[in-house]
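**Student:** Each chain, letter by letter, is given below.
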Amino acid sequence: MSSSLFGLAHFATHEQTCGAVAQRLGFSSAGDIERFLFKAYGKALRKIPAANRPKGAIFFLEPPAVSGALPKEADLITAINVIQRDIRSKVYTLRLDLAAGGTAPHDLTTEEKKAMSANMWPQSAAQMVSRQEKKCIVWVNGIVVVAYLDGDIYQETASVVDELPSGVSRAADLLPWDDGEVAFEFASQELNDTSRAGIWRVPENNVLYSKPETLMSRALGKFLRTRLAGYLQHVDEPYIANSGRADIVLTLVDGRVFLVEVKWTGQSLSSTQVNATADAILAALKAKTKGWFTTYDDSTFDEGVKQLKIYFANGGYHKAFLFVFDCCAPSAGRNHGDSIVNPAHVAPHPVSSFRALRACVEPRKASKVSKANSP
Amino acid sequence: MRNRTLLVLALMAANDRWGQPTVLRTVLVKQAFLAETIRPLYRTWLRTFEFVRYYYGPWSADIFKRLDTLICNGLVEVVKAERRGGQMEAHYRITPSGKRVLARFSDSELVPLTNDLVWALQTLGIEQAGTICKLVYEEAEFARLLVKHQAAGIGPESQAPLQAVTTANNETFTALAIVQALVRPNKNLPSLAPRDVVRIFLKSLAAQIPSKTVAKGVAA
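Residue numbers (the working numbering), protein chains in the order written: chain H, 1 to 375; chain A, 1 to 220.
Watch out, some of these pointers could steer you wrong.
[Claimed, not checked] With a cut-off of at most 20 Å between alpha-carbon atoms, the simulated EDC-like pairs for lysine to aspartate or glutamate come out as follows: (1) H:Lys72 <-> A:Glu127; (2) H:Lys211 <-> H:Glu237; (3) H:Lys47 <-> A:Asp16; (4) H:Lys72 <-> A:Asp68.
[Said to hold, decoys possible] Partial pick of chain H residues on the chain A-facing surface, computed with a CB cut under 8 Å: (5) Ala9; (6) Phe11; (7) Ala12; (8) Ala20; (9) Ser29; (10) Gly31; (11) Glu34; (12) Gly42; (13) Gly68; (14) Glu204.
[To be verified] Derived list of chain A stretches under chain H, where covered just means 3 residues or more per stretch with a C-beta under 8 Å from a C-beta of chain H: (15) 71-79; (16) 118-129; (17) 168-180.
I should point out that these hints are in silico values taken from the structure, not numbers from a laboratory. For every residue, glycine included, the Cβ atom is placed at its ideal position computed from N, Cα and C.
With the rest of the complex left out, here is chain H (with noise of 0.2 Å):
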């Protein structure tokens, strides 16, 4: 076929994930952004000269007032102007139409500015606002073009003054499950995230949120959804017969289902303690009191592996995989990898039908620095 299965089932998940934020920010189809970066914002960019154009500038996007309605070139070239020109100490919001006196700025506090590097918002800083607000954020450099739903990419395009093919999405280049080796990209992509959206409460002393295999199991799967080439549809706490609830089937296009087990080692903070002012954690780190962490060691691949065993033992999967994220400190030889699943752990079952992976995670912001530096 010319269209592939998988590229097919990718459109399809892509389009119905972000539809459905989309639609939860009161757009009526993720399209009404594409359609307006493209034949709005791309023909009023035309008209600018390209020395004037925003650089590394951010706006929040909203729906319009009337449905399908766009704005008029001049008015929109205005409030581009306008965006560009205060972008060390606003941040716009701009309705599709334009409506309603077309934007509406927020003065940036001295806090915010620091997100800033050399007047400009990096597109890191522009993805952890959207994921902040929950809101759609569209960044501007030039002809680039990202846009970002409740911080998710929904559209990157290299020229949005050009029609096809550069208007195509090239959101979310597609990452193969490859094994589950997929969870390393999760590990050094998502977990690494330091903002409130992210699973570190103290992310300078590596300290995690209480109870934080929750978190990461649903940004797991909101990342698979988004980014796993082939994906169908995934259950985030499936429950299984007589054996409790696993963290996620995962259904793939070609009709493969695999079980995944989320785990992680390090230190979060107690659930008895969740109120608690970072100083009070630091204190407590540095006095050692007992009851305020959680800690999890290597011990978690064998006890991982051996609860898995009884999930998998239901049938119906093609293989189980135990995602074991690793938030400790960094020290000598913590690598991203394969653990040795014990046979007997897993009999009367093939070992083969199993897989142990440690994904390390380091708590930065996510950017290209950190993504080439990260184990």
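With the hints as your guide, set chain A onto chain H.
**Tutor:** Chain A in isolation, oriented as in the chain H frame:
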């Protein structure tokens, strides 16, 4: 009004509805081809136009007969006409009478079909004739015929007919059915509107356009 005439009028209205009131002749033909291609999504089983392979992709002389009828009846008007390289290029626009007449057929599936198609094309930034030509060249059955003709040395002047999308084993029909099945609602996600399904289909075509053709333009 016959199905084919209605389709042309509905396409003119859809372009007007989405802020593109004047439509170039070539663009109209390619939009009609795409409308014919996606009609199974709207459970429209009656074939609209029969297309042939001609210069610049799928073509149907019948579209212009229908267009003439609409123009003669004051439902569509010619905004601009010019001869470019031996070829007549005209821009058309629906008239207020055309809109009134179309309103009488609001229950026809062709109305949402054309609305969704034009909207979906706009979300991909497709506006120029050259761009929509590139897109239709990637339609599976047309692409297959093109490869076959190139191997056999058959040119576009032969005007070989293109099979209807509802013909058995039609690859595009299969692709549309797969997309529809993939976007069914599940526990976590809602279903998508038909226009989003159209957009996914068009994206899958666009994704196949070789990047080299951007600069070169379209060949016959």
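**Student:** Does each hint fit the structure? Answer for all of them.
**Tutor:** Right, here's what the structure says about each hint:
1. Distance restraint check for Lys72 of chain H and Glu127 of chain A: the Cα-Cα separation of roughly 17 Å lies within the 20 Å cut-off, and the hinted pair is therefore satisfied.
2. The hinted pair formed by Lys211 of chain H and Glu237 of chain H meets the criterion: a straight-line CA distance of about 15 Å does not exceed 20 Å.
3. Proximity of Lys47 of chain H to Asp16 of chain A is assessed by CA-CA distance (about 23 Å); at most 20 Å being required, the pair is judged violated.
4. Distance restraint check for Lys72 of chain H and Asp68 of chain A: the Cα-Cα separation of roughly 33 Å exceeds the 20 Å cut-off, and the hinted pair is therefore not satisfied.
5. Among the interface hints, the one on Ala9 of chain H holds; its C-beta lies about 6 Å from the nearest C-beta in chain A, closer than the 8 Å criterion.
6. For Phe11 of chain H, the suggested interface contact is upheld, since its CB lies about 5 Å from the closest CB of chain A, less than 8 Å.
7. At a threshold of 8 Å, the smallest CB-CB gap from Ala12 of chain H to chain A is about 4 Å, leaving the interface hint in force.
8. The restraint placing Ala20 of chain H at the interface with chain A holds, with a minimum CB-CB distance near 5 Å, inside the 8 Å limit.
9. With its C-beta approaching chain A no nearer than about 6 Å, Ser29 of chain H sits inside the 8 Å limit, and its interface hint holds.
10. With 8 Å as the threshold, the beta carbon of Gly31 of chain H comes within range of chain A, its nearest partner Cβ sitting at about 4 Å, so the hint holds.
11. The beta carbon of Glu34 of chain H is positioned within 8 Å of a beta carbon in chain A (closest approach about 4 Å), and the interface hint is therefore held.
12. Annotation: interface hint on Gly42 of chain H holds; nearest CB of chain A at approximately 6 Å, less than 8 Å.
13. Given hint, Gly68 of chain H at the interface with chain A, holds; its Cβ is 7 Å from that chain's nearest Cβ, closer than 8 Å.
14. Taken as an interface hint, Glu204 of chain H does not check out: its beta carbon lies about 35 Å from the nearest beta carbon of chain A, beyond 8 Å.
15. For the segment 71-79 of chain A, the assignment as covered by chain H is violated, since 0 residues bring a beta-carbon within under 8 Å of that chain's beta-carbons and 3 are needed.
16. Counting residues of the segment 118-129 of chain A whose beta-carbon sits less than 8 Å from any beta-carbon of chain H gives 9, enough to reach three: the coverage restraint holds.
17. A count of 5 residues in the segment 168-180 of chain A with a Cβ less than 8 Å from any Cβ of chain H is obtained; the coverage claim is therefore met, three being the minimum.
Checked against the numbered hints above, the structure violates hints 3, 4, 14, 15; every other hint is satisfied.
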